[in-house]
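If you want the building blocks of each chain, they are given just below.
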Amino acid sequence: MKRLLVQFDTDPHPAVFDRVVAIDAGCDHLFSYGGITTENVVSLCHGAMFTRGLQDLKSTAIFIGGSDAEAGVELLKRIQETFFGPMRVSVMVDSNGCNTTAAAAVQCAARHLPLGGAESVVLGGTGPVGFRAAQLLAVEGATVRLASRYIERAEAACARLRQLVDGAKVLPAETSDEGLAATLDGAQVIIAAGAAGVQFLTGDEWRSVESLKVLIDLNAVPPAGLQGVEPGDKATERDGIVCYGALGVGGLKMKIHKAAIEQLFSANDRVLDTVAIHRLASELA
Amino acid sequence: MKRLLVQFDTDPHPAVFDRVVAIDAGCDHLFSYGGITTENVVSLCHGAMFTRGLQDLKSTAIFIGGSDAEAGVELLKRIQETFFGPMRVSVMVDSNGCNTTAAAAVQCAARHLPLGGAESVVLGGTGPVGFRAAQLLAVEGATVRLASRYIERAEAACARLRQLVDGAKVLPAETSDEGLAATLDGAQVIIAAGAAGVQFLTGDEWRSVESLKVLIDLNAVPPAGLQGVEPGDKATERDGIVCYGALGVGGLKMKIHKAAIEQLFSANDRVLDTVAIHRLASELA
Amino acid sequence: MKRLLVQFDTDPHPAVFDRVVAIDAGCDHLFSYGGITTENVVSLCHGAMFTRGLQDLKSTAIFIGGSDAEAGVELLKRIQETFFGPMRVSVMVDSNGCNTTAAAAVQCAARHLPLGGAESVVLGGTGPVGFRAAQLLAVEGATVRLASRYIERAEAACARLRQLVDGAKVLPAETSDEGLAATLDGAQVIIAAGAAGVQFLTGDEWRSVESLKVLIDLNAVPPAGLQGVEPGDKATERDGIVCYGALGVGGLKMKIHKAAIEQLFSANDRVLDTVAIHRLASELA
Numbered sequence: 000m001k002r003l004l005v006q007f008d009t010d011p012h013p014a015v016f017d018r019v020v021a022i023d024a025g026c027d028h029l030f031s032y033g034g035i036t037t038e039n040v041v042s043l044c045h046g047a048m049f050t051r052g053l054q055d056l057k058s059t060a061i062f063i064g065g066s067d068a069e070a071g072v073e074l075l076k077r078i079q080e081t082f083f084g085p086m087r088v089s090v091m092v093d094s095n096g097c098n099t100t101a102a103a104a105v106q107c108a109a110r111h112l113p114l115g116g117a118e119s120v121v122l123g124g125t126g127p128v129g130f131r132a133a134q135l136l137a138v139e140g141a142t143v144r145l146a147s148r149y150i151e152r153a154e155a156a157c158a159r160l161r162q163l164v165d166g167a168k169v170l171p172a173e174t175s176d177e178g179l180a181a182t183l184d185g186a187q188v189i190i191a192a193g194a195a196g197v198q199f200l201t202g203d204e205w206r207s208v209e210s211l212k213v214l215i216d217l218n219a220v221p222p223a224g225l226q227g228v229e230p231g232d233k234a235t236e237r238d239g240i241v242c243y244g245a246l247g248v249g250g251l252k253m254k255i256h257k258a259a260i261e262q263l264f265s266a267n268d269r270v271l272d273t274v275a276i277h278r279l280a281s282e283l284a
Numbered sequence: 000m001k002r003l004l005v006q007f008d009t010d011p012h013p014a015v016f017d018r019v020v021a022i023d024a025g026c027d028h029l030f031s032y033g034g035i036t037t038e039n040v041v042s043l044c045h046g047a048m049f050t051r052g053l054q055d056l057k058s059t060a061i062f063i064g065g066s067d068a069e070a071g072v073e074l075l076k077r078i079q080e081t082f083f084g085p086m087r088v089s090v091m092v093d094s095n096g097c098n099t100t101a102a103a104a105v106q107c108a109a110r111h112l113p114l115g116g117a118e119s120v121v122l123g124g125t126g127p128v129g130f131r132a133a134q135l136l137a138v139e140g141a142t143v144r145l146a147s148r149y150i151e152r153a154e155a156a157c158a159r160l161r162q163l164v165d166g167a168k169v170l171p172a173e174t175s176d177e178g179l180a181a182t183l184d185g186a187q188v189i190i191a192a193g194a195a196g197v198q199f200l201t202g203d204e205w206r207s208v209e210s211l212k213v214l215i216d217l218n219a220v221p222p223a224g225l226q227g228v229e230p231g232d233k234a235t236e237r238d239g240i241v242c243y244g245a246l247g248v249g250g251l252k253m254k255i256h257k258a259a260i261e262q263l264f265s266a267n268d269r270v271l272d273t274v275a276i277h278r279l280a281s282e283l284a
Numbered sequence: 000m001k002r003l004l005v006q007f008d009t010d011p012h013p014a015v016f017d018r019v020v021a022i023d024a025g026c027d028h029l030f031s032y033g034g035i036t037t038e039n040v041v042s043l044c045h046g047a048m049f050t051r052g053l054q055d056l057k058s059t060a061i062f063i064g065g066s067d068a069e070a071g072v073e074l075l076k077r078i079q080e081t082f083f084g085p086m087r088v089s090v091m092v093d094s095n096g097c098n099t100t101a102a103a104a105v106q107c108a109a110r111h112l113p114l115g116g117a118e119s120v121v122l123g124g125t126g127p128v129g130f131r132a133a134q135l136l137a138v139e140g141a142t143v144r145l146a147s148r149y150i151e152r153a154e155a156a157c158a159r160l161r162q163l164v165d166g167a168k169v170l171p172a173e174t175s176d177e178g179l180a181a182t183l184d185g186a187q188v189i190i191a192a193g194a195a196g197v198q199f200l201t202g203d204e205w206r207s208v209e210s211l212k213v214l215i216d217l218n219a220v221p222p223a224g225l226q227g228v229e230p231g232d233k234a235t236e237r238d239g240i241v242c243y244g245a246l247g248v249g250g251l252k253m254k255i256h257k258a259a260i261e262q263l264f265s266a267n268d269r270v271l272d273t274v275a276i277h278r279l280a281s282e283l284a
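Residue numbers (numbering that gives the first Met the number 0), protein chains in the order written: chain A, 0 to 284; chain B, 0 to 284; chain C, 0 to 284.
Among the hints, erroneous ones may be present.
Identical copies carry no separate label here, and so any pair may be met within one copy or between two of them.
Simulated pairs of lysine-lysine, DSS-like, Cα-Cα distance not exceeding 27 Å [as the list claims (entries may be wrong)]:
1) Lys-257 with Lys-1
2) Lys-254 with Lys-57
3) Lys-257 with Lys-76
4) Lys-1 with Lys-212
5) Lys-233 with Lys-254
6) Lys-233 with Lys-257
Just so you know, these hints were derived from the structure itself, not from any lab.
Required output: the full structure, derived from the provided sequences and hints.
Structural data, given as structure tokens:
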């Protein structure tokens, strides 16, 4: 059976990026859709469920993408409600690459210290990638300070995280000038996942954190989110700190993305969400 | 030459169902379009006609789909008007699967009694599948009672059928409580092709038809259109009556659909409409 | 690596024509987009640039099509601005087939006389194909009379041509009854590239041009743009003049189109615009 991937994108045009990766991961045909909503997805989903026999259903799968991570989560939910009994196909969600990027960043950190009990800070923790990096750090047992410019948003994100992760040790934190020192105090891992153009820390600021071991900047576009960290940094030591830039994390992110696509076709009931992609990333390491 | 299928769908998003079947029927590439109308189809159609040499034109074909069967018929007409001389490609129309489903249902009935002269009833005969089932029964020489909740609609459908099928023996019939007994009296074949959620007959009602031999319910979603017939029924005997449910007919429908796609590529001038698909189904049996 | 072609079409539906040619030229997968603008192209372009490693980037390429040639030129410009350093993929622009058609027409003329110093006339020279034919004749050193029904438009087109081609010998000309004789006087090559339904010259008119050697009519739909020239003419002699019709030029046009698609995948930095496609066509001859 040909491997068919149905790409549901919440943006008007289905992402070229996800299409290239899907082909390079071995899909035979892509059925790409833009403008997908929880309303119009149902009949398309039926088309994926009701065409092939049960023993062949594992050769059809669904990929959810688009720039809106929340819309992607809603779509996954609606698709899972549409499935019933054995009538289902595997599904992966990676809106804007948020799951594979967060999994890759956390995996990079895990190479250099045990995450269980580690002190971690996620700057830009309310964005799609930052929130998922915080979630995965919490899953691994790290203490997470989830930082935002607005403490109310950080608090709301922490409340959501506690619902997602049993026993999550997460604390809201501030990136304002006044709150920054407290946010960084004692941190061993810092992951910056802000919007392009936002510099979270100067070089002096992160060098002053004595406990710091790993510094990860997921912003690829200058200026750097963490001053002095280069996009190409890949376990590069800077002043005794292990640094990763966006491109340094990107190779692993791509490897995880491809492995996840391949795993979709191993059975007809895989659900590759944030945590499942993280588990897969751990196995790859 | 690669086998190219151009999918023209009258819905905004081209159906996943038709895409999966096309690939499984051996198409190398699908060019899938949603939102196709009699206006925008012409230049796309030119693109299919004017790219390959005459000897290679049979490796390009058109599939018309979408949820609106009438729009599909209009599209077929416009596409045929666009062709001229040898500049044409083969075309299949199967909006909402109505042609392959009707052909499969009639083929199932034909396994159990000769249709020429048979007394048949089509419940939901004004819908896209029911109307085509009635058409094909008439083509085979059966007497058809085409039943609807509204006798006026049944009459209009019968008038259209008489234009489509020379010498068609079709009569309008009612599914109302008062008219039902007359509608069913003497029936040997009953096909139910209503909308999801419509129960046409109770078990007592169909069991009381002494002449009945074959009972086909094309509704896959509970409640059944014919009480007691299960979706998986496939020549299943119930109280001496041969029963078929939607899934029981579905296997043959899929086989017909794939065979039709394959036949598109045997020449550049095939036109697979309701009757042509029925002829193909008869050859498969 | 699979050869991926990203088709950016400025029309709502991506052209079937360009898709068929792309597959026949050896592309493994097409990612086809309609409704592409200079605004929405950027993130799709990033998806093509940032997915594969540098050594594999040559297996991804972009094709720009659609009925609006000016929109295609703008799209090419925006895409080239999006690339940086080695992060780029090859791009071809052939909106409405204008570049491959113009290159094929000029190549046909070049078979029968040296174009350097030749006297040429392009009727319908302000349209997308005519303008590019005039451009390529000028590139080859021909004197070009660029004719339009409106002399102001012809003058504007000549001004643009002089900016595009260093030392272009181009003159505006009229197709009105009064101006026609002067337009045609001394012409060795006449290319007609008007809209369907426009007859530029009667048979008597072109036969009266004593210097004439080659006559090319790019209109495929009757009536002919040049009376007496048949669509299938391919170096057909008529009254001592070598004639080409749209279909006669079309074979070479298709050959150029396919060769251009193939060349896209020879490196990751090809830019196949009007002149580059013309150069490629010269090499094919």
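Status of each hint after checking the structure:
Taking the shortest alpha-carbon separations for Lys-257 and Lys-1, both the intra-copy value of 17 Å and the inter-copy value of 15 Å come in at or below 27 Å. With identical chains, the CA atoms of Lys-254 and Lys-57 are at most 27 Å apart both within one copy (21 Å) and between copies (20 Å). In this assembly of identical chains, Lys-257 and Lys-76 lie within 27 Å of each other by CA distance solely inside one copy; the values are 23 Å within and 32 Å between copies. Taking the shortest alpha-carbon separations for Lys-1 and Lys-212, neither the intra-copy value of 46 Å nor the inter-copy value of 41 Å comes in at or below 27 Å.
In this homomeric assembly, Lys-233 and Lys-254 come within 27 Å of each other (Cα to Cα) only inside a single copy, at 15 Å, whereas the closest approach across copies is 47 Å. Within a single copy, Lys-233 and Lys-257 get their C-alpha atoms as close as 20 Å, which meets the 27 Å cut-off; across copies the closest is 42 Å, which misses it.
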